[in-house]
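A.B. asks: Here's the letter readout for the chains.
There are 2 protein chains.
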Amino acid sequence: MSVSTTVARFDTLALDCGQRLAPVQVAYETYGELNTQRSNAILILHAFSGDAHAAGISAETGKPGWWDNMIGPGKAFDTRCYYVISSNVLGGCSGTTGPSSIDPGTGSPYGSNFPPVSIADMVRLQQLLTESLGISRLLCVSGGSMGGMQALQWAASYPDKVASVIPIATTHRHSAQQIAFNEVGRQAILADPDFNRGDFYGGKYPERGLAVARMVGHITYMSDGSMREKFGRRRRKSSGESDLFEVESYLRYRGGQFVSRFDANSYLVISRAMDTFDMTADCETLEDCFTRGDTRFLVLSFTSDWLYPSYQSQEIVRALRSRNRDVAYIELESNYGHDAFLLEAGEQTSLIRGFLENTFQRLAA
Amino acid sequence: MSVSTTVARFDTLALDCGQRLAPVQVAYETYGELNTQRSNAILILHAFSGDAHAAGISAETGKPGWWDNMIGPGKAFDTRCYYVISSNVLGGCSGTTGPSSIDPGTGSPYGSNFPPVSIADMVRLQQLLTESLGISRLLCVSGGSMGGMQALQWAASYPDKVASVIPIATTHRHSAQQIAFNEVGRQAILADPDFNRGDFYGGKYPERGLAVARMVGHITYMSDGSMREKFGRRRRKSSGESDLFEVESYLRYRGGQFVSRFDANSYLVISRAMDTFDMTADCETLEDCFTRGDTRFLVLSFTSDWLYPSYQSQEIVRALRSRNRDVAYIELESNYGHDAFLLEAGEQTSLIRGFLENTFQRLAA
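The listed protein sequences derive, respectively, from chains A and B.
The first sequence begins at 1 in the working numbering and counts up one residue at a time.
The second sequence begins at 1 in the working numbering and counts up one residue at a time.
Same shape as in the complex, but just chain A (with noise of 0.2 Å):
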């Protein structure tokens, strides 16, 4: 199926650093049909480097979408029965207002004065967003990793909006371990000559920055197993330099690759968002955030994820229980690491599919 990104816009956000931005943007798609209850909408989130387009074939790039072995007809988020909506975030790159939008006050592109966002600002945007498409209340909301966060944040901030989440492979804060990687990210952008302060547009870009965050963001996201298996010792014949690992040439290859798609002061503001995302902030403890309403949880971890590892997933379990919340949790078995949530459609899709067609049946009765 040919899809197309869509724009809707607002007036004005107001967001968690105590500033607005006015207006305010959103890129979306939709897959499927609203049925006429407005009871079958599922609102898809993005990881770290993600975009609308999760689902089908883009008609402007023919490519298809980030998570499009689980969206479509049949598969995990079946489209012959749900409406979904896949939303870009908050200071992103990628059509929703961010760093690289144009600030009205100025004239030209935030910058350095793009204000700080929360994952709380990105949900506080989709729900705009939801609205405006006519929806109430949402059958599910899903995403892995920071799609995880804004997840969770959704059942946080509008319990009684939100029947269902499935956060896959998140936390409800960061380790230190997981901060001190995206540091190295904005380390390596910082140190860029050519990041400018952050004002570089209509300049040189940050490329090699950008490059080399994006290689640490692309180890963590394997294992130490799928890297074996992927590269192992294996060399690539290789002009002019000696023969490079093929590990090597792999990482310059994508290092390279997202400079072409992706801001360096979007991955300094939402790798920030994702580092100040703390669940137990606004509340006394975890469990206490899980009060209000009766949405239901399926929470999913992989086994060799060591970025998210499962036992963050099993401390959002464990509060949830203990407020006597319906959660169900499954580690599943994979060797792919963080990325796993992306490429294990199989095991994911029965769990998934059984779950939505639960809570879809519980509401309609």
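It is worth saying that the hints were derived from the structure and are not from the lab.
Be a bit skeptical, because a hint or two may be false.
Stated by the list, open to error - Here are the simulated distance ranges between beta carbons:
#1 B:R234 <-> A:G293: 26 to 36 Å
#2 B:T285 <-> A:L343: 29 to 39 Å
#3 A:Y201 <-> B:E60: 44 to 54 Å
#4 B:T36 <-> A:R252: 23 to 33 Å
#5 B:S260 <-> A:P159: 44 to 54 Å
#6 B:R234 <-> A:Q257: 34 to 44 Å
#7 B:G354 <-> A:N196: 54 to 64 Å
#8 B:D294 <-> A:A328: 34 to 44 Å
#9 B:R9 <-> A:S112: 50 to 60 Å
#10 A:Y201 <-> B:G203: 29 to 39 Å
#11 B:T61 <-> A:R234: 20 to 30 Å
#12 A:E331 <-> B:R234: 26 to 36 Å
#13 B:P159 <-> A:E331: 44 to 54 Å
#14 A:P115 <-> B:R254: 26 to 36 Å
Stated by the list, open to error - Covered stretches of chain A, as calculated for chain B (at least 3 residues, CB under 8 Å):
#15 175-186
#16 191-204
#17 209-216
#18 227-236
#19 251-259
Heads up, the beta-carbon is just placed ideally off N, CA and C, and yes, glycines get one too.
Based on the hints, put chain B in the right spot on chain A.
C.D. replies: For chain B alone, coordinates are given in the frame of chain A:
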């Protein structure tokens, strides 16, 4: 005890790459006394960024050595019984010939002209050193991480010259993930415009790239758990910028500190030596590397070391056992990650002390 680093000079050293370094020098320290039989000498080899100053208080800097908790009177490597030699590595920047040394052919620092060196080259230079000190057979060679690689290479290159080896938290060849982390560090350095293709001596040093490289390293040296204990999500008041996470200011501090004592070209040369180290390259199998000699082995690894995971030590142990070699293996409980080999003196001490005593008695018998 106050100690000083000494330098030994040799006319020439043939390298695996086919080139020669002439002359070549190596920085080293010694602790304790060589006995009259010259049978109590132990060679200690440092990790990636270490130097010859392993024990005691440096007469130059006033600082303790990097393994001062392990080397000294009554310690694991007991200087009341043993003569301990600590050698700096070839390619480094702490007194041994490396990229910042003067190339006698040009009168300027080698810089980008410094030849690639191997772990076996480092060991060859150490053998010149120990020979010049009048030692024909070492009681033991030991080191952690890259020091462990050198120790293993000693057993393969000079099986008759080393009675025992204690490789700690190491591997006989890097995995794709280990290569990948090194490659990110290299790319961070190469991305720094001040790197100037390696010929930066006399100009600005590529400090920003080198600092980012070091930050990546520090994350891999710690464990998720030790970072949580040490930093958690605590913030540190900072001037100007919004409050940083403690882990961020720690990484920035350590990165900044590193550039004052380490050379960017040494980073490239030594990390490449680690990545290309592969004991199976010269043998059919790892087992075949250990057919000669009667060197005894004590192999140590640490539970939370995810950079050099225990399975890598176990591969070595399996190969040695399959050749009926005298090998003991202990996986030590620790929360410190790869840094454990520097920090967990207690349990290492009892194991190493007994192993050395036993080896010494067997030789005397």
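A.B. asks: Each hint needs a verdict: does it hold in this structure or not?
C.D. replies: Hints and how they fare:
| no. | hint | in the structure |
| --- | --- | --- |
| 1 | B:R234 <-> A:G293: 26 to 36 Å | holds, 32 Å |
| 2 | B:T285 <-> A:L343: 29 to 39 Å | holds, 33 Å |
| 3 | A:Y201 <-> B:E60: 44 to 54 Å | holds, 50 Å |
| 4 | B:T36 <-> A:R252: 23 to 33 Å | violated, 57 Å |
| 5 | B:S260 <-> A:P159: 44 to 54 Å | holds, 53 Å |
| 6 | B:R234 <-> A:Q257: 34 to 44 Å | holds, 36 Å |
| 7 | B:G354 <-> A:N196: 54 to 64 Å | holds, 60 Å |
| 8 | B:D294 <-> A:A328: 34 to 44 Å | violated, 58 Å |
| 9 | B:R9 <-> A:S112: 50 to 60 Å | holds, 53 Å |
| 10 | A:Y201 <-> B:G203: 29 to 39 Å | holds, 30 Å |
| 11 | B:T61 <-> A:R234: 20 to 30 Å | violated, 43 Å |
| 12 | A:E331 <-> B:R234: 26 to 36 Å | holds, 29 Å |
| 13 | B:P159 <-> A:E331: 44 to 54 Å | holds, 46 Å |
| 14 | A:P115 <-> B:R254: 26 to 36 Å | holds, 30 Å |
| 15 | 175-186 | holds (count 8) |
| 16 | 191-204 | holds (count 3) |
| 17 | 209-216 | holds (count 5) |
| 18 | 227-236 | holds (count 6) |
| 19 | 251-259 | holds (count 3) |
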